[in-house]
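Enquirer: The chain contents come next:
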Amino acid sequence: MSGATKRRWRDVPLAAAMLGPSLVVLIAFVLYPLGRAVWLGQQRCNVQATKCRSVGWGQYTDVLRSNEFQSAVWVTLKFALITVPVGLALGIGLAVLADKHMRHIGFFRTVFSSTVATSVAVASLMWLFLLQPSVGVLANIGWLNDIFPVIKEPGLLNDKGTALSSVAISSIWANLGFTFIVITAGLQSIPRELQESAFVDGAGGWRRFTNVTLPLLGPTLLFTTVVLTSRAFQAYGEIDLLTNGGPVPQQSTTTVTYLIYGSSSIIKNNEGLKAAVAVLLFVILLGLSALQFRGLGKRVHYGS
Amino acid sequence: MASIRLVGVSKHFGDVKAVDNVSLDIADREFMILLGPSGCGKSTLLRTIAGLEDPTGGEVFIGDRMVNEVLPKDRDVAMVFQSYALYPHKSVRANIEFPLKVRGVDKAERADAASQAAEVLGLTPYLDRKPGALSGGQRQRVALARAIVRRPAVFCMDEPLSNLDAKLRAETRAEIVALHHRLEATFVYVTHDQVEAMTMGTRIAVMRDGVIEQVGSPQEVYDRPASVFVAQFIGTPPMNIFPAGAIEPGDHLVGGRPEDTVISDDHATSHDRGVAATVVLVEHLGHEAQVVCAVDDHTRAIVRMNPSDDLPRNGDTVRLNVPEEARHRFDAVSGARID
Numbered sequence: 170m171s172g173a174t175k176r177r178w179r180d181v182p183l184a185a186a187m188l189g190p191s192l193v194v195l196i197a198f199v200l201y202p203l204g205r206a207v208w209l210g211q212q213r214c215n216v217q218a219t220k221c222r223s224v225g226w227g228q229y230t231d232v233l234r235s236n237e238f239q240s241a242v243w244v245t246l247k248f249a250l251i252t253v254p255v256g257l258a259l260g261i262g263l264a265v266l267a268d269k270h271m272r273h274i275g276f277f278r279t280v281f282s283s284t285v286a287t288s289v290a291v292a293s294l295m296w297l298f299l300l301q302p303s304v305g306v307l308a309n310i311g312w313l314n315d316i317f318p319v320i321k322e323p324g325l326l327n328d329k330g331t332a333l334s335s336v337a338i339s340s341i342w343a344n345l346g347f348t349f350i351v352i353t354a355g356l357q358s359i360p361r362e363l364q365e366s367a368f369v370d371g372a373g374g375w376r377r378f379t380n381v382t383l384p385l386l387g388p389t390l391l392f393t394t395v396v397l398t399s400r401a402f403q404a405y406g407e408i409d410l411l412t413n414g415g416p417v418p419q420q421s422t423t424t425v426t427y428l429i430y431g432s433s434s435i436i437k438n439n440e441g442l443k444a445a446v447a448v449l450l451f452v453i454l455l456g457l458s459a460l461q462f463r464g465l466g467k468r469v470h471y472g473s
Numbered sequence: 295m296a297s298i299r300l301v302g303v304s305k306h307f308g309d310v311k312a313v314d315n316v317s318l319d320i321a322d323r324e325f326m327i328l329l330g331p332s333g334c335g336k337s338t339l340l341r342t343i344a345g346l347e348d349p350t351g352g353e354v355f356i357g358d359r360m361v362n363e364v365l366p367k368d369r370d371v372a373m374v375f376q377s378y379a380l381y382p383h384k385s386v387r388a389n390i391e392f393p394l395k396v397r398g399v400d401k402a403e404r405a406d407a408a409s410q411a412a413e414v415l416g417l418t419p420y421l422d423r424k425p426g427a428l429s430g431g432q433r434q435r436v437a438l439a440r441a442i443v444r445r446p447a448v449f450c451m452d453e454p455l456s457n458l459d460a461k462l463r464a465e466t467r468a469e470i471v472a473l474h475h476r477l478e479a480t481f482v483y484v485t486h487d488q489v490e491a492m493t494m495g496t497r498i499a500v501m502r503d504g505v506i507e508q509v510g511s512p513q514e515v516y517d518r519p520a521s522v523f524v525a526q527f528i529g530t531p532p533m534n535i536f537p538a539g540a541i542e543p544g545d546h547l548v549g550g551r552p553e554d555t556v557i558s559d560d561h562a563t564s565h566d567r568g569v570a571a572t573v574v575l576v577e578h579l580g581h582e583a584q585v586v587c588a589v590d591d592h593t594r595a596i597v598r599m600n601p602s603d604d605l606p607r608n609g610d611t612v613r614l615n616v617p618e619e620a621r622h623r624f625d626a627v628s629g630a631r632i633d
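Chains as they are written, first to last, in my numbering: chain A, 170 to 473; chain B, 295 to 633.
What the hints contain is simulated information worked out from the structure, not anything from laboratory work. Don't be surprised by glycine CBs; every beta carbon is placed ideally from N, CA and C. Treat the hints loosely; a few may be bogus.
Unchecked claim - Once the Cα atoms are required to be at most 25 Å apart in a straight line, the calculated SDA-like pairs of lysine to any residue come out as:
1) A/LYS247 x A/ARG376
2) B/LYS384 x A/SER282
3) B/LYS424 x A/LYS269
4) B/LYS384 x A/GLY456
5) B/LYS367 x B/GLN410
6) B/LYS461 x B/GLY357
7) A/LYS269 x B/ASP309
8) A/LYS269 x B/LYS461
9) B/LYS384 x A/LYS247
10) B/LYS424 x A/LEU449
Claimed, not checked - Short, incomplete list of chain B residues facing chain A, as computed with Cβ under 7 Å:
11) ALA344
12) GLY352
13) MET373
14) PHE375
15) HIS383
16) VAL396
17) ARG397
18) GLY398
19) LYS401
20) GLY539
21) VAL589
22) HIS592
Unchecked claim - Computed footprint of chain B on chain A, listed as stretches where at least three residues anywhere in the stretch have a Cβ under 8 Å from a Cβ of chain B:
23) 352-366
24) 434-446
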């Protein structure tokens, strides 16, 4: 053995001691459960999940082909397509609005970021009251019914056409605080001289926004998009509290997470199927994040 | 025609008077330097001219037009920032073209103007790079190119060289002076560096605590400083200021430039022997030696000497004097020049 190799081997115990703790945590809470879920995905269990037996990896393809799974993926996709762009746009709008040197702007910043301190349960209950047909102020808005004649059931949450959008609104609201804070931080890292230089050169507000603010917010927006997308794909609390995956029988708010976990999910008594869906959701999210980083990442500028 | 006239301009931030009742006339095509230590209000004054700050009081004229209410873009002013303020996501060409693009200049004309500006500043090989791939000096030249591309009447420059190393600073200094000759525009240039002020400006306005202490040509400001502050701010090493009565009778201060201050040994028997001092440090700079002397607990004086002369040693007691014709006299209370 050469001297260098020997020296490297001498470092092994120390390296192992340093890596050990995090390795244990990683294995116990991430790798083992992940492996267990993948394994469980090819089993069929009894109702109590006390006895499971292998039914083969074909269970994954069965799930993929099933109407229930495909419908859940479609609902989830719609949910993400509403919450991510709208949430992002509102977050940027509020952050730009509050990024002014004005008296008492701190008050507005606090208000705008307050939803970050609101739990999903509280936020959902609040929206449930607002949308409740009997008491909610937003439940039956006349002009809304005029614009969308498809609304037949009383209460936006009970109509199959509006239920998903209504849940999305509550989700957007609940995530707005986070988006606002992250984008505000991004805005504050843009040097003031860049805006001033553009201002002296004759760029108006909109042009400064599109030519300076937005491009320099690139990394922040990429990060926020990835986080919001993965949150949309994992949204559960608001769906469980507001619609229970319904309205029945269309299941128009049964997202993939609700299919896995929901109390009125069609597969709620089958641990094997639930695990299979969960693993597929993991694969979908992994692919989606990779796509976002690759597709958007190329167009993002990380400063000089 | 782009003379600039400031009439009683003030800018207050809360209780802080960043600029306090400043009046200044800058002639067309002049290279005016605003010089002073940090926090003296020179940048704020420049930003007021550019339109980035609204004055709290007073009037700003560019040409014959009062521009207090005029947006920066309509003042025919370009600004160069200390941090260069280049758009990091745009190529050098796009950076230079940006002011024209904003003004709706068509594509071909824009490309022409940008190529020309790049040519003037030697940036042609870098047009397709991003600013991140350029050195500090090149970035500064891109900022200059972006400023000259739309041929404004007034250039406002806020310490444009202070992020460059000494060698580049000297080179770019000469380039900016050449640019001034070439463009025939009015330059207002903020710096805290007296070498830049002395070498570049046609006139210097020395500022302190929001007010202008003196305006004059570099030589005037050097030869006849209006106050102790100006005398000590301009010139390296700064002017020696002797306490009242030390050099000549009277209750005024006497100043002498280090090159005008003469040193003699304690036993000299001249009629006017000056003030006693102790040598604390002798610095050899090669072409000259600087002898630092302590006159009393609060007063230091520096004497420039020829290194081949018979130099005193640390701890020597010497006498310092300033020849009558080289003396500057200042009021002991206000610090203002007398005579």
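Enquirer: With reference to the structure, classify each hint as holding or not holding.
Expert: Okay, the hints, checked on the actual structure:
For the given pair, A/LYS247 sits about 32 Å from A/ARG376 by alpha-carbon distance, which is inconsistent with the 25 Å threshold. Of the supplied pair hints, the one linking B/LYS384 and A/SER282 is violated, its CA atoms being roughly 32 Å apart against a limit of 25 Å. Under the criterion of a C-alpha separation no larger than 25 Å, the hint pairing B/LYS424 with A/LYS269 is inconsistent with the structure, at around 30 Å. As the CA atoms of B/LYS384 and A/GLY456 are separated by approximately 31 Å, the hinted pair breaks the 25 Å bound.
Simply put, B/LYS367 and B/GLN410 have alpha-carbon atoms about 22 Å apart, close enough for the 25 Å limit, and the pair holds. Distance restraint check for B/LYS461 and B/GLY357: the Cα-Cα separation of roughly 36 Å exceeds the 25 Å cut-off, and the hinted pair is therefore not satisfied. Our distance criterion of 25 Å between C-alpha atoms is met by A/LYS269 and B/ASP309, whose separation comes to about 21 Å. At roughly 40 Å between alpha-carbon atoms, A/LYS269 and B/LYS461 are farther apart than 25 Å, so this suggested pair is violated.
Among the hinted pairs, B/LYS384 with A/LYS247 is inconsistent with the structure: their alpha-carbon atoms are about 35 Å apart, more than 25 Å. Using a Cα cut-off of 25 Å, the hinted pair B/LYS424 and A/LEU449 is violated, with the two alpha carbons roughly 42 Å apart. Because the beta carbon of B/ALA344 sits about 6 Å from the nearest beta carbon in chain A, less than 7 Å, this interface hint is met. The closest approach between the C-beta of B/GLY352 and any C-beta of chain A is roughly 21 Å, which is over the 7 Å cut-off, so the hint fails.
Because the closest C-beta pair between B/MET373 and chain A is about 5 Å apart, less than 7 Å, the hint holds. At its closest, the beta carbon of B/PHE375 sits 4 Å from a beta carbon of chain A; the interface hint therefore holds under the 7 Å criterion. Contact between B/HIS383 and chain A, as hinted, is supported at the beta carbon level, the nearest pair being about 4 Å apart and thus within 7 Å. Interface hint status for B/VAL396: upheld, as the beta-carbon distance to the closest one in chain A is roughly 4 Å, under 7 Å.
For B/ARG397, the suggested interface contact is upheld, since its CB lies about 6 Å from the closest CB of chain A, less than 7 Å. Of the supplied interface hints, the one on B/GLY398 is violated, with its beta-carbon coming no nearer than about 10 Å to a beta-carbon of chain A, more than 7 Å. Look at B/LYS401: its Cβ only gets to about 16 Å from chain A, farther than 7 Å, so that hint breaks. This hint is violated: B/GLY539 has a C-beta 51 Å from the nearest C-beta of chain A, more than the 7 Å allowed.
Interface hint at B/VAL589: violated, since its Cβ lies 45 Å from the closest Cβ of chain A, which is beyond the 7 Å cut-off. For B/HIS592, the interface hint is violated, the least distance from its beta-carbon to any beta-carbon of chain A being 41 Å, above 7 Å. Counting residues of the segment 352-366 of chain A whose beta carbon lies closer than 8 Å to any beta carbon of chain B gives 5, which reaches the threshold of three, so the coverage claim holds. Three residues within the 8 Å Cβ limit are the bar, and the segment 434-446 of chain A against chain B gives 0, so the coverage statement is violated.
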